[in-house]
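Could you build all of it, start to finish, from the sequences and the hints given here?
Order-wise, the sequence lines are chains A and B.
The first sequence finishes on residue 174 if you use our numbering, and the numbering steps up by one all the way, no holes.
The second sequence finishes on residue 298 if you use our numbering, and the numbering steps up by one all the way, no holes.
Just to be clear, a hint being listed does not mean it is correct.
Distance ranges between label pairs, derived from CB positions [unchecked claim]:
1. B:Val-244 x A:Lys-173: 18 to 28 Å
2. B:Arg-197 x A:Glu-123: 20 to 30 Å
3. A:Val-143 x B:Ser-209: 28 to 38 Å
Below are the DSS-like pairs computed for lysine-lysine, each with C-alpha atoms no more than 27 Å apart in a straight line [as the list claims (entries may be wrong)]:
4. B:Lys-278 x A:Lys-133
5. A:Lys-133 x B:Lys-247
6. A:Lys-121 x A:Lys-161
7. A:Lys-161 x B:Lys-247
In case anyone wonders, no lab produced these hints; they're calculated from the structure.
For glycine and all other residues, C-beta sits at the position ideal for the given N, C-alpha and C.
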Amino acid sequence: DQQVKQNSPSLSVQEGRISILNCDYTNSMFDYFLWYKKYPAEGPTFLISISSIKDKNEDGRFTVFLNKSAKHLSLHIVPSQPGDSAVYFCAGNTGKLIFGQGTTLQVKP
Amino acid sequence: SAVISQKPSRDICQRGTSLTIQCQVDSQVTMMFWYRQQPGQSLTLIATANQGSEATYESGFVIDKFPISRPNLTFSTLTVSNMSPEDSSIYLCSVKEVLSGANVLTFGAGSRLTVL
Numbered sequence: 066d067q068q069v070k071q072n073s074p075s076l077s078v079q080e081g082r083i084s085i086l087n088c089d090y091t092n093s094m095f096d097y098f099l100w101y102k103k104y105p106a107e108g109p110t111f112l113i114s115i116s117s118i119k120d121k122n123e124d125g126r127f128t129v130f131l132n133k134s135a136k137h138l139s140l141h142i143v144p145s146q147p148g149d150s151a152v153y154f155c156a157g158n159t160g161k162l163i164f165g166q167g168t169t170l171q172v173k174p
Numbered sequence: 183s184a185v186i187s188q189k190p191s192r193d194i195c196q197r198g199t200s201l202t203i204q205c206q207v208d209s210q211v212t213m214m215f216w217y218r219q220q221p222g223q224s225l226t227l228i229a230t231a232n233q234g235s236e237a238t239y240e241s242g243f244v245i246d247k248f249p250i251s252r253p254n255l256t257f258s259t260l261t262v263s264n265m266s267p268e269d270s271s272i273y274l275c276s277v278k279e280v281l282s283g284a285n286v287l288t289f290g291a292g293s294r295l296t297v298l
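What follows is the structure in structure tokens.
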């Protein structure tokens, strides 16, 4: 039972454009959600979170949107930069984190 | 945030052998978490390691296969026992912190194991 799904394994975007990474979930008990970024040979690093009672959280170039009725969240990166190229994981929290499979973002110069 | 060091960073192991991964944190923490990331898969929680008590294992993971030690508040080890090629994964140690008002996990760089 995969409670958190990232259905797009990869995404390619031109530098300066918007990157939109999507995540769907099935567990209504998640009380908040997180996005992590992972570079090769490094551990995942925390990027941004959103409480389940919010519908938007913004931090600089990163904005996360939550649509509870659709059980869907998305991470927007604007403008995208080549240094954003990494694997992005979304995760839901129920006291422990449940991760999606990840989406590899490539930002082309 | 906490700084987590893991050793080894990578290793190539023979089938049937065991390997112990070490995790050192630069601050005292109550709980440490061990995750596994199989190739192309998500991060899966193996167990939670509490100092002074036995680790708590998630469904599908057992102590005989993944024994964990937690001798103090800054250190933990995970052993992958009697390895098979299916154990080829990245193993990650993590601790819980409050960042930007949320409880988040901070991860070490991981230990990439390849089992031949």
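When the hints from earlier in the document are held up against this structure, which numbers fail? 1, 2, 5
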